[in-house]
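Novice: Listed below are the residues making up each chain.
2 protein chains.
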Amino acid sequence: MADIKFEIEKEIGFIAESAKGWNKELNLISWNGKDAKYDLRDWAPGHEKMGKGVTLSKEELKKLRDILNGMEL
Amino acid sequence: MADIKFEIEKEIGFIAESAKGWNKELNLISWNGKDAKYDLRDWAPGHEKMGKGVTLSKEELKKLRDILNGMEL
Numbered sequence: 071m072a073d074i075k076f077e078i079e080k081e082i083g084f085i086a087e088s089a090k091g092w093n094k095e096l097n098l099i100s101w102n103g104k105d106a107k108y109d110l111r112d113w114a115p116g117h118e119k120m121g122k123g124v125t126l127s128k129e130e131l132k133k134l135r136d137i138l139n140g141m142e143l
Numbered sequence: 071m072a073d074i075k076f077e078i079e080k081e082i083g084f085i086a087e088s089a090k091g092w093n094k095e096l097n098l099i100s101w102n103g104k105d106a107k108y109d110l111r112d113w114a115p116g117h118e119k120m121g122k123g124v125t126l127s128k129e130e131l132k133k134l135r136d137i138l139n140g141m142e143l
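Read top to bottom, the protein sequences are chains A and B.
Throughout the first sequence, residue numbering follows the numbering used here, covering 71 to 143 in sequence.
Throughout the second sequence, residue numbering follows the numbering used here, covering 71 to 143 in sequence.
One or more hints might be untrue.
Given that identical chains are not distinguished, each listed pair holds provided it fits within a single copy or across any two copies.
[Claimed, not checked] With a straight-line Cα cutoff of 20 Å, these simulated PhoX-like cross-link-like pairs (lysine-lysine) come out:
| # | residue 1 | residue 2 |
| --- | --- | --- |
| 1 | K75 | K133 |
| 2 | K133 | K104 |
| 3 | K80 | K90 |
| 4 | K122 | K107 |
| 5 | K75 | K122 |
| 6 | K104 | K80 |
| 7 | K75 | K90 |
| 8 | K75 | K132 |
| 9 | K128 | K104 |
| 10 | K80 | K122 |
| 11 | K107 | K90 |
| 12 | K119 | K133 |
| 13 | K132 | K119 |
Quick caveat, the hints were computed from the structure, so don't treat them as lab data.
Remember, it's a predicted structure, so these values are computed and weren't measured experimentally.
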């Protein structure tokens with residue numbers, strides 16, 4: 071994973087810490103110099119390493135928000 | 071990926087379709103027979119193939135919902 075260039079433009083929200091100390095976070099990240107996208111994934115402390123995750127556009131994030139608001143959680 | 075056993079217990083929400091026809095979805099999925107978790111990832115049509123994604127517990131999904139509701143999207 072070391073050769074992927076990324077820049078965390080904005081740390082938006084901490085979601086949870088896992089048993090092994092990794093943090094699930096929502097961030098705004100530019101990958102390889104491209105336009106930043108919202109990004110939901112697990113990170114090692116200090117963002118040293120990254121886990122698998124998913125990127126979302128603003129529209130997708132809005133859709134996800136609306137889905138979650140429609141759920142009985 | 072073929073040897074991962076999964077069962078989509080509930081299809082919760084369609085988020086977006088990508089240019090290559092894959093769907094970004096929120097589902098409730100049991101992986102390898104374990105308790106189902108919420109799951110956000112891209113899927114090929116008919117769930118034939120899966121992309122990278124992230125799993126979330128109910129508490130994590132609530133936290134994500136609250137973060138999104140606090141954002142100006």
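Novice: Indicate, hint by hint, whether the structure satisfies it.
Specialist: Against the structure, the hints come out as follows:
no.	hint	result
1	K75 with K133	neither (28 Å within a copy, 28 Å between copies)
2	K133 with K104	neither (23 Å within a copy, 28 Å between copies)
3	K80 with K90	neither (24 Å within a copy, 28 Å between copies)
4	K122 with K107	both (15 Å within a copy, 16 Å between copies)
5	K75 with K122	both (15 Å within a copy, 18 Å between copies)
6	K104 with K80	within (15 Å within a copy, 34 Å between copies)
7	K75 with K90	neither (25 Å within a copy, 24 Å between copies)
8	K75 with K132	neither (26 Å within a copy, 31 Å between copies)
9	K128 with K104	within (15 Å within a copy, 32 Å between copies)
10	K80 with K122	within (19 Å within a copy, 22 Å between copies)
11	K107 with K90	between (26 Å within a copy, 18 Å between copies)
12	K119 with K133	neither (29 Å within a copy, 23 Å between copies)
13	K132 with K119	neither (28 Å within a copy, 25 Å between copies)
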